[in-house]
Amino acid sequence: MSEGRLPDRPPEEAPATEPGDYAPSVAARLAFLQRSGGVITPLLTAVFAFFVGGIVVLVTTGKNPLTTYRAIFDGTGLNWLFPWVTGAERTTAALNLQQTLLLTVPLILTGLAVAFAFRCGMFNIGGQGQYTVGAVSAVIVGAYVSTSHLPHVVLAIVVATVAGAAWAGIAGLLKATVGAHEVITTIMLNWIAFWTASWLFGIGGPLQLGGVGNESVPASETVKETAKLPVFWGDPLLQGLHIGFFIALGALVVYWIVLNRTTLGYGVRAVGFNPDAARYGGIPVARNYFLAMAISGAFAGLAGATDVLGWEFRLDQTSIQASQIGFIGIAVALLGRNTAVGVFFSALLFGALLNGTSTTNLDPSIFRPELAQNLTLIIQGLVVLFVGADVLILYVWSLRRKLRRQAGAADTA
Amino acid sequence: MTARVATASWAELRTARLTGVGGILLGIAAGWVALPPISTRSVVLPLVLGAAGIAAGAWAATQGEKRIGIGAVVASVAGIVVAIVAMRAAVDNLELVVSWGALTAASLVYATPLTFAAIGGMFSERSGVVNIGLEGMMLMGAFFAAWGADTTETWVGGVLIAVVGGAALALVHAFFAIHLRADQIVSGTAVNFLALGITGYLYINIYSDRGTPPDLPQIPDVDLGGLKDVYFFGPAFGSLNLMIWLAVATVALSYVAMFKTPAGLRIRSVGEHPKAADTVGIPVYRTRYAAVILSGMLAALGGSFLSIGFNHSFTENMTAGRGFIALAALIFGRWRPVGAFAAALLFGFSSALAQRLGQVESWQSYQLLFQTLPYVLTLIAVAGVIGRSIPPAAIGRPYTK
Numbered sequence: 001m002s003e004g005r006l007p008d009r010p011p012e013e014a015p016a017t018e019p020g021d022y023a024p025s026v027a028a029r030l031a032f033l034q035r036s037g038g039v040i041t042p043l044l045t046a047v048f049a050f051f052v053g054g055i056v057v058l059v060t061t062g063k064n065p066l067t068t069y070r071a072i073f074d075g076t077g078l079n080w081l082f083p084w085v086t087g088a089e090r091t092t093a094a095l096n097l098q099q100t101l102l103l104t105v106p107l108i109l110t111g112l113a114v115a116f117a118f119r120c121g122m123f124n125i126g127g128q129g130q131y132t133v134g135a136v137s138a139v140i141v142g143a144y145v146s147t148s149h150l151p152h153v154v155l156a157i158v159v160a161t162v163a164g165a166a167w168a169g170i171a172g173l174l175k176a177t178v179g180a181h182e183v184i185t186t187i188m189l190n191w192i193a194f195w196t197a198s199w200l201f202g203i204g205g206p207l208q209l210g211g212v213g214n215e216s217v218p219a220s221e222t223v224k225e226t227a228k229l230p231v232f233w234g235d236p237l238l239q240g241l242h243i244g245f246f247i248a249l250g251a252l253v254v255y256w257i258v259l260n261r262t263t264l265g266y267g268v269r270a271v272g273f274n275p276d277a278a279r280y281g282g283i284p285v286a287r288n289y290f291l292a293m294a295i296s297g298a299f300a301g302l303a304g305a306t307d308v309l310g311w312e313f314r315l316d317q318t319s320i321q322a323s324q325i326g327f328i329g330i331a332v333a334l335l336g337r338n339t340a341v342g343v344f345f346s347a348l349l350f351g352a353l354l355n356g357t358s359t360t361n362l363d364p365s366i367f368r369p370e371l372a373q374n375l376t377l378i379i380q381g382l383v384v385l386f387v388g389a390d391v392l393i394l395y396v397w398s399l400r401r402k403l404r405r406q407a408g409a410a411d412t413a
Numbered sequence: 001m002t003a004r005v006a007t008a009s010w011a012e013l014r015t016a017r018l019t020g021v022g023g024i025l026l027g028i029a030a031g032w033v034a035l036p037p038i039s040t041r042s043v044v045l046p047l048v049l050g051a052a053g054i055a056a057g058a059w060a061a062t063q064g065e066k067r068i069g070i071g072a073v074v075a076s077v078a079g080i081v082v083a084i085v086a087m088r089a090a091v092d093n094l095e096l097v098v099s100w101g102a103l104t105a106a107s108l109v110y111a112t113p114l115t116f117a118a119i120g121g122m123f124s125e126r127s128g129v130v131n132i133g134l135e136g137m138m139l140m141g142a143f144f145a146a147w148g149a150d151t152t153e154t155w156v157g158g159v160l161i162a163v164v165g166g167a168a169l170a171l172v173h174a175f176f177a178i179h180l181r182a183d184q185i186v187s188g189t190a191v192n193f194l195a196l197g198i199t200g201y202l203y204i205n206i207y208s209d210r211g212t213p214p215d216l217p218q219i220p221d222v223d224l225g226g227l228k229d230v231y232f233f234g235p236a237f238g239s240l241n242l243m244i245w246l247a248v249a250t251v252a253l254s255y256v257a258m259f260k261t262p263a264g265l266r267i268r269s270v271g272e273h274p275k276a277a278d279t280v281g282i283p284v285y286r287t288r289y290a291a292v293i294l295s296g297m298l299a300a301l302g303g304s305f306l307s308i309g310f311n312h313s314f315t316e317n318m319t320a321g322r323g324f325i326a327l328a329a330l331i332f333g334r335w336r337p338v339g340a341f342a343a344a345l346l347f348g349f350s351s352a353l354a355q356r357l358g359q360v361e362s363w364q365s366y367q368l369l370f371q372t373l374p375y376v377l378t379l380i381a382v383a384g385v386i387g388r389s390i391p392p393a394a395i396g397r398p399y400t401k
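Protein chains in written order, with our numbering: chain L, 1 to 413; chain G, 1 to 401.
Don't read these hints as lab results, they were simulated from the structure.
Only a predicted model underlies this, so the values are computations on that prediction, with no experimental measurement involved.
Please note: incorrect hints may appear among the correct ones.
What the hints assert, rightly or not - Label pairs and their in silico Cβ distance ranges:
| hint | chain 1 | residue 1 | chain 2 | residue 2 | range |
| --- | --- | --- | --- | --- | --- |
| 1 | G | Ser42 | L | Arg287 | 50 to 58 Å |
| 2 | G | Gly358 | L | Val254 | 55 to 63 Å |
| 3 | G | Ala168 | L | Ala407 | 31 to 39 Å |
| 4 | G | Glu12 | L | Gly179 | 48 to 56 Å |
| 5 | G | Ala11 | L | Gly179 | 31 to 39 Å |
For every residue, glycine included, the Cβ atom is placed at its ideal position computed from N, Cα and C.
Please build the complete structure, drawing on both the sequences and the hints.
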């Protein structure tokens with residue numbers, strides 16, 4: 001592999017200013033602006049989306065948007081972080097925060113699944129299907145294999161991760177060999193996974209749970225005790241927070257290391273920048289497409305495993321068909337700008353939104369949860385739409401340039 | 001392609017093509033004879049027909065008609081498999097499921113929303129703008145048709161308001177994709193989220209838990225009284241919804257518009273080579289805007305059929321992936337009106353068959369597995385097993401002057 005033809009790091013990671021450099025050069029100042037812009041634009045986007053959401057609340061229901069948002073916030077349990085919240089309120093907050101983090105775990109992982117492919121210049125819209133395939137594999141291993149605790153958990157997680165990787169790998173392979181666009185193939189794979197999983201556990205399906213009186217229950221068997229992830233915060237009977245949280249945090253670290261500190265990551269980023277230049281530089285483009293897609297799918301498959309082994313313990317047709325975790329992963333990755341830290345915080349935001357607007361956590365007398373859930377979708381849509389806000393900024397820039405050019409033309413005329 | 005044309009004369013090519021098409025028909029017949037009303041229980045007839053189909057296909061493939069030839073071989077093999085599977089089932093079960101008149105009518109019903117959305121997608125994608133947002137535009141159409149029909153108390157009002165709703169969402173997609181040069185797939189995804197949120201929010205806010213009123217004005221059926229007692233044609237075409245006939249008309253009109261009018265030529269040139277189009281004075285942005293908005297209107301028409309033509313109500317996320325099947329039909333049909341319609345019919349047929357499988361209790365669970373068929377077929381199509389689907393050249397690329 002020939003180094004040096006390509007920049008060693010992407011332009012968004014501009015060289016840091018030397019310590020003791022009092023008057024940074026123009027380039028460094030620009031780099032700072034870009035880097036701060038890297039945090040500021042997603043923040044602005046989120047604020048803007050919530051602002052529009054607030055207007056929607058005000059116009060359609062006449063309720064105070066701030067009260068509504070406050071109620072949603074209290075439902076997320078994030079007020080647990082405030083030291084002045086004490087007593088019974090603190091106990092409730094802890095329970096709520098456990099739920100929020102429980103939802104954050106798979107969102108981190110599906111967010112990484114989208115982000116990793118993005119860095120290779122591909123749009124993995126198939127996180128949902130890879131998540132489903134992972135969840136189905138985890139349930140099968142969890143329910144039908146018998147071993148002692150640790151091997152069982154590890155086996156279920158590994159099988160689910162590999163299954164997710166293989167499912168995404170189909171799209172990667174088709175992209176690498178015949179150039180089929182990954183957006184089309186992953187959409188198709190999503191729906192194949194959706195219907196196949198619905199059939200597997202559906203009424204009369206081959207993996208529907210057994211037992212007398214269960215013939216009309218479209219669900220899977222429950223995973224064995226040995227396959228369940230241990231709970232480290234809260235009551236296991238009340239869906240406490242399981243150690244999948246640390247798996248997700250570990251995945252963030254792995255994501256960062258693979259992308260920034262390995263030859264593979266270098267190749268993936270190079271292809272993401274410019275496949276032609278990468279090919280010219282001797283980087284195997286097709287191989288990287290396949291690997292990046294498979295690694296993406298591995299993250300999403302892992303997400304399915306943590307959900308099944310952590311708190312769902314079984315799959316049913318409704319939960320398979322209603323799940324949006326993989327799709328929200330797209331918003332997570334975009335808002336997190338495909339960085340590890342960004343993905344963590346945006347996953348937390350969306351996890352909090354999902355939990356704060358749930359029927360159990362939002363007081364219907366303040367705002368109807370069903371409305372709030374749809375409000376979340378609107379906010380999500382606006383975030384995805386405007387996260388390309390740098391596009392907006394670029395647009396304003398180009399307008400300014402155009403105006404200046406016109407002024408220049410007028411001068412010379 | 002041109003080299004092949006140069007070596008083989010037109011007459012030879014035509015014979016090859018006809019033989020290939022004959023092979024496809026033989027393959028279909030191989031499967032058909034094992035189904036009602038003939039229901040042959042001997043494996044000889046399907047095997048003979050299938051073998052003839054394979055032979056015809058193989059010959060056509062060697063004579064320069066590779067795609068049709070391979071298609072005939074695949075159809076014949078599939079026909080034999082269908083026949084063998086069908087023979088293992090009891091005849092009375094088959095007669096419950098395979099009733100050709102009802103199957104045709106149901107296929108047309110399921111194909112109609114797909115056809116509208118796929119034709120819409122064709123305009124957008126032929127102009128160079130990827131439209132992942134078809135699903136959302138369809139959903140907007142479904143909701144606003146129901147709401148419009150409810151408030152104006154006529155189905156015409158419902159359809160018109162649906163079209164406006166779809167166009168509004170398409171305008172958002174167009175503005176971000178064309179003017180702001182955002183990633184078209186990202187903005188399409190965003191538009192889908194938005195539609196889900198907007199329609200869900202309004203539905204809950206307006207109709208609460210009661211649902212849309214039961215007396216929602218409906219798009220009428222077209223009764224062809226004369227056909228009523230005719231075998232097959234009666235049950236198949238006798239009383240179809242107006243929108244179904246409109247979908248067929250849309251296919252014909254869009255074929256003419258796309259390939260026989262200057263406007264169609266403009267759309268295609270903007271999608272293949274925007275720079276060249278710009279050079280000869282075709283307004284790239286304006287053409288793309290028009291195409292994307294038209295796609296939103298057509299997708300919304302499909303959605304309106306779902307809510308006030310077929311389901312008689314609106315429910316949250318009622319499109320349930322139909323926009324994506326429409327996208328699949330568009331790709332499977334190679335971005336052509338008739339091709340997209342044929343693909344929509346095929347997918348509609350698979351849905352109709354899946355629905356009718358429910359008539360036999362022991363086959364019910366396969367209903368769900370059957371739903372994967374359109375997606376598997378499209379995956380095979382883009383993988384290039386039966387000839388590649390090649391998208392318009394400038395698709396997904398924003399144009400900068």
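Each hint, compared with the structure:
The beta-carbon spacing between Ser42 of chain G and Arg287 of chain L, approximately 52 Å, falls within the hinted interval of 50 to 58 Å. Restraint check, Gly358 of chain G to Val254 of chain L: a C-beta distance of roughly 46 Å breaks the suggested window 55 to 63 Å. The hinted window of 31 to 39 Å between Ala168 of chain G and Ala407 of chain L holds, with their beta carbons roughly 36 Å apart. Range check, Glu12 of chain G to Gly179 of chain L: Cβ separation about 32 Å, and the 48 to 56 Å hint is violated.
Checking the proposed 31 to 39 Å range against Ala11 of chain G and Gly179 of chain L shows it holds: the Cβ atoms sit about 35 Å from each other.
Violated hints, listed in ascending order, are 2, 4; each of the other numbered hints is respected by the structure.
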